[in-house]
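Chain residues, written in single-letter form:
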Amino acid sequence: MSELFDPGFLSRIQKLVLSMGITVSGSMSGNRKSRSKGMSVEFSDFREYTEGDDFRRIDWNAYGRFEKLFVKLFMEEKEAPVSIFLDTSSSMNWGMPNKSYSSRRLAAALSFMALSNYDRLSLYCITDCNASSLVSLRGTHAFHSILNLLENVKYDGTTDIKKGIENSSIKANRGITIIISDFFSTGSVMDTIKYLKYYKQDVYICHTLSPQELSPDLNSGCRVVDCETGRYKDLVVSKELLKAYGKALKYFVEKMESDCFSQSASYVLFDTSFDVEQIIKKVVGA
Amino acid sequence: MSFYSPLAFIMGFTIPAVILLYMLKQRFEETSVSSIYLWQQALNNIEANAPWQKLKRSLLMLLQITAMLLFIMALANPYIRGLSTKTSNLIIAIDTSMSMQAADTKPSRFHEAKKRAASIVSNMKPGSKVTLVAMGANNTVYESLNTDKNSLQDKINSLEVTNAAGNIEEAAALLSSLSGQFPNTKTYVIGDTPLETALDGYEFINVGNNGDNYALVHQAHVFTPDGITALTRLGSFSSQDSRLNVSLYVDGQIFDSQRVQTGPGEFVNIYWDNIPQYASLLECRLESTDSLNTDNIIYDVITRSYDKKAVLVTDRNIFLEKAFSLVKGLKLYKSSYEDVPLLSGYDLYVYDGMVPEKLPDGNVIILNPHRNDLFGIIGKVKHPGLYKPEHELFKHIKEFPFTIGTASVLDVPSWGEEMLNSDKGAIIFGGIHENRRIIVFGFDVHDSNIVLKPAFPILISDIAGWLLPDRVLDLDRAYPHQAVELNLNPVTSKAYVYSPSGVKTQIAPPFPSGAFEKTYETGVYKLVQEAEGVLAENYFTVNCPQAESDLKLKLYKTNDEVSNTSHTPDGSEGMPLINILLWTALPILLIEWWVYSNAV
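Protein chains in written order, with our numbering: chain W, 1 to 286; chain U, 1001 to 1600.
Don't take every hint at face value.
Derived SDA-like pairs: lysine to any residue, alpha-carbon spacing no greater than 25 Å straight-line [unchecked claim]:
hint, chain 1, residue 1, chain 2, residue 2
1, U, Lys1395, U, Lys1453
2, W, Lys250, U, Asn1045
3, W, Lys233, U, Tyr1022
4, W, Lys233, U, Gln1040
5, W, Lys163, U, Tyr1037
6, W, Lys243, U, Tyr1037
7, W, Lys250, U, Asn1044
8, W, Lys233, U, Phe1028
9, W, Lys281, W, Asp271
10, W, Lys239, U, Ser1058
11, U, Lys1155, U, Gly1180
12, W, Lys243, U, Asn1045
13, W, Lys154, U, Tyr1037
14, U, Lys1129, U, Ser1144
15, W, Lys239, U, Ile1046
16, W, Lys243, U, Leu1043
17, W, Lys239, U, Leu1060
18, W, Lys194, W, Ser264
19, W, Lys239, U, Glu1030
20, W, Lys239, U, Tyr1037
21, U, Lys1388, U, Asp1361
22, W, Lys250, U, Gln1040
23, W, Lys239, U, Ser1032
24, U, Lys1309, U, Pro1356
25, W, Lys250, U, Tyr1037
26, W, Lys243, U, Phe1028
27, W, Lys239, U, Tyr1596
28, W, Lys255, U, Gln1040
In case anyone wonders, no lab produced these hints; they're calculated from the structure.
Whole structure, please, built from the sequences with the hints as guidance.
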């Protein structure tokens, strides 16, 4: 077990349940309510008997009352395809606490919860230069693979999230997609959400920002260099500039939030100074 | 304080460069951030992305500029004049010429020159001997080898500027002579015109300041049927186009005014027509002020010639009679030898073949004289070999050589000068004796072919002009401090001159009067001649010298001269300040480094 994922952390997340209140479709049975009617004990609906139906599922009480044959339908529980996209560009390896640390813990926690709930998990570490992924994992025994991937991931280059998602193996099945990123990236977030919605995904946006990004503390004069592109800006830090930065940040967050809202996606601002458990509760509660 | 290398101040252009660098955005410490996206948005919001920023007060910048100024000053190699350790003999020459009146240096160049001279004296090493020279038309040693500072200060203060033109060549010769007397002599020339030749230890201190000036440089008149037409010549010694008002005053009353357009370095002729015939004094004024106001006024006296009377005493000389009758403004009378004692009241007496026992009351020509008491006759010669005459009166005869049959060789008296010489001696002489102008011909014109020459009537006319001057002053123009010869009447017993400010100076007796030297002021001088109780008044003018009106020409010349002649590499004439400047710059640089390191 590494420093990134200590035993205490893992035991805490085991207690959390990923309950997203959606139904999924698929062939493998799981812990999710499905639109398919199957063999579970949970009653779903009635319908008239048609030729070929299983006699055992005829509700004779209903026949007694209505003199018509009705068949009982039960909810079939199925697995949910959960896809987690973790931005591993250079900008995510920045801040104190480091965004890479917090975001990987969040990804690990969400992965563990998905595997614990018998969901089919895919984890994608997306970057333009060094992408890696694990797809279609089931069961908690696969969690060590997740940890292994997250511990060895390299943060480098820039990220086009939409492109990264397009290159993934997402199918047109209902599922859950979680994107963990600072969204200082190329590609429109709106287009990304639309793309995922097209593939019938419930989208969760974990907008990861460090305290230094939320409230910068710079010297009176400095040259800020973009760690991804190397581009820079000379700043004479003043109250006016900090105020303008705060205004730009607020607009950035609010724009993300409104884009998500308009596409029925969930948005969570992930301040890396907060505990991951708190964020997970926010995600689950979202 | 002076500078050995003033060209180093060209480096002053680096100061704005430093300020410019501070106006450029400063170099910032690099800080890595996840993204500059939000900063870019923030900068766009406050529009602070311009390449220049408002110049802020910066201690670093001030320290850097101070250090740079000190380095530039050090490059200019300054020294404090007068704090000498070696020089013990000083010559201070102050220009007193008219251009020193210019007010382009406040309050005037001359005032500034005296101030500089006083400063040198007050700073000089105790025991230094100072020779004070006033440079002007006459370069005079005002004080010699004086060691008393107070006395020297008084002498400097008592110096006065003149209206005269400077004589820089003579000044150079005088200063060279003075400085050569003692080794290690430092010569300061304080003025607006440097010496043309460099002396050892010479330093020129310029007090000029490139002033614009306009001057009235010439005034003349001619008589016309409609009256008098005057000409005024206006000179522009300015670097710009100007429109100037020029007024003419006739006998003290304004007559006319004209607006004149001039360009840089131009001379403009202004004509004034229909001036009344009775006018006697023209005064032209430039109705504006410039750097030098003295030359903004010019005077012209209108003199009228009246018919003169001449008497020809001769046995018979048709050539002389014809020649004199052709002289304009001269009425000729003829007389015989017998009537000589009775003759009086003529302006000119022509004695042909005789010499009067007593000089008449007018000017005299004597031809073919016999022995007499007035001058001596050495002897008679035949066919003398005539030398080419050099005298001004014979300028037209030069081209018409003539011969003489028999001539008397004349013994030229002390008051006369030879006008025509031969291998045997003087044949013609002239001069002023007992206030009379006298010319003596040692031959009979009948015994010479001179009378057949076309130049003979011209010679007679020129002689008559010299013998009967129309003006009291022979010169066309007289300038301040110029000694002028005044033409007194033959019968004048007493003569004196009133200056424009009314100062009276007696010039005769004794006779001959000699030159009048007190032409210190510009303006109209009055000559009063007294003869047998009757006073006769004549006027002449003294105007500003044109050479002094050009304030710029000398200034440009000055800069070259200063750089060429005043440099003394070992700095022995003043206390060098270069080390002080460099040692001052060092702690400033250290402070600058400390401020930079500690980000104060």
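Now the hints, each set against the structure:
no., hint, result
1, U:Lys1395 - U:Lys1453, "holds (14 Å)"
2, W:Lys250 - U:Asn1045, "holds (13 Å)"
3, W:Lys233 - U:Tyr1022, "holds (18 Å)"
4, W:Lys233 - U:Gln1040, "holds (7 Å)"
5, W:Lys163 - U:Tyr1037, "holds (20 Å)"
6, W:Lys243 - U:Tyr1037, "holds (15 Å)"
7, W:Lys250 - U:Asn1044, "holds (15 Å)"
8, W:Lys233 - U:Phe1028, "holds (10 Å)"
9, W:Lys281 - W:Asp271, "holds (14 Å)"
10, W:Lys239 - U:Ser1058, "holds (20 Å)"
11, U:Lys1155 - U:Gly1180, "holds (23 Å)"
12, W:Lys243 - U:Asn1045, "holds (10 Å)"
13, W:Lys154 - U:Tyr1037, "holds (23 Å)"
14, U:Lys1129 - U:Ser1144, "holds (8 Å)"
15, W:Lys239 - U:Ile1046, "holds (11 Å)"
16, W:Lys243 - U:Leu1043, "holds (11 Å)"
17, W:Lys239 - U:Leu1060, "holds (24 Å)"
18, W:Lys194 - W:Ser264, "holds (10 Å)"
19, W:Lys239 - U:Glu1030, "holds (20 Å)"
20, W:Lys239 - U:Tyr1037, "holds (19 Å)"
21, U:Lys1388 - U:Asp1361, "violated (33 Å)"
22, W:Lys250 - U:Gln1040, "holds (14 Å)"
23, W:Lys239 - U:Ser1032, "holds (21 Å)"
24, U:Lys1309 - U:Pro1356, "holds (18 Å)"
25, W:Lys250 - U:Tyr1037, "holds (13 Å)"
26, W:Lys243 - U:Phe1028, "holds (20 Å)"
27, W:Lys239 - U:Tyr1596, "holds (24 Å)"
28, W:Lys255 - U:Gln1040, "holds (17 Å)"
Checked against the numbered hints given earlier, this structure breaks only hint 21.
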